[in-house]
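Peer 1: Sequence:
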Amino acid sequence: MCAIFGIVGDYDQKEAEKAFASLRHRGMDGSASIVQPSLFLGSHRLAITSCGEPMLQPLEREGYMLLFNGEIYNYQELAESLGVTGESEAEVLLASYRAWGDDFVKHLRGMYAIAL
Numbered sequence: 121m122c123a124i125f126g127i128v129g130d131y132d133q134k135e136a137e138k139a140f141a142s143l144r145h146r147g148m149d150g151s152a153s154i155v156q157p158s159l160f161l162g163s164h165r166l167a168i169t170s171c172g173e174p175m176l177q178p179l180e181r182e183g184y185m186l187l188f189n190g191e192i193y194n195y196q197e198l199a200e201s202l203g204v205t206g207e208s209e210a211e212v213l214l215a216s217y218r219a220w221g222d223d224f225v226k227h228l229r230g231m232y233a234i235a236l
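Start counting the sequence shown at 121; every next residue gets the next number (this note's numbering).
Calculated directly from the structure, the hints in this document are not laboratory data.
Label pairs and their in silico Cβ distance ranges:
1) E180 - G221: 16 to 22 Å
2) D222 - S201: 15 to 21 Å
3) Y232 - Y131: 23 to 29 Å
4) D132 - N194: 38 to 44 Å
A quick note: this is a predicted structure, and the numbers were derived from the prediction, not measured.
Backbone N, C-alpha and C fix where the C-beta goes; we use that ideal spot for every residue, glycine too.
Please take these sequences and the hints and turn them into a complete structure.
Peer 2: This is the structure:
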């Protein structure tokens, strides 16, 4: 299982980096983070299976940031209905959110954790 990690609000950067690093064993195939004042988002990726193009997260697009871990069983169906091609599950999730707002989760089938 991958690891997603986030802090919103005031934080100690060294402590946040230490906590994030402690999850490294959960995803040895790649790590990425966004570090800003009042925001720390990170992901450690474990590549078991891949739907679409593999992508390190956090995903940052057009003012949105997304962390995702899990599997969306109807990923391809969602991609087709939204006109999204050749994208990662994370990008399909973001497109779903942009299309349906908070109700996007009503369209998902699978097991997942998402921070948006």
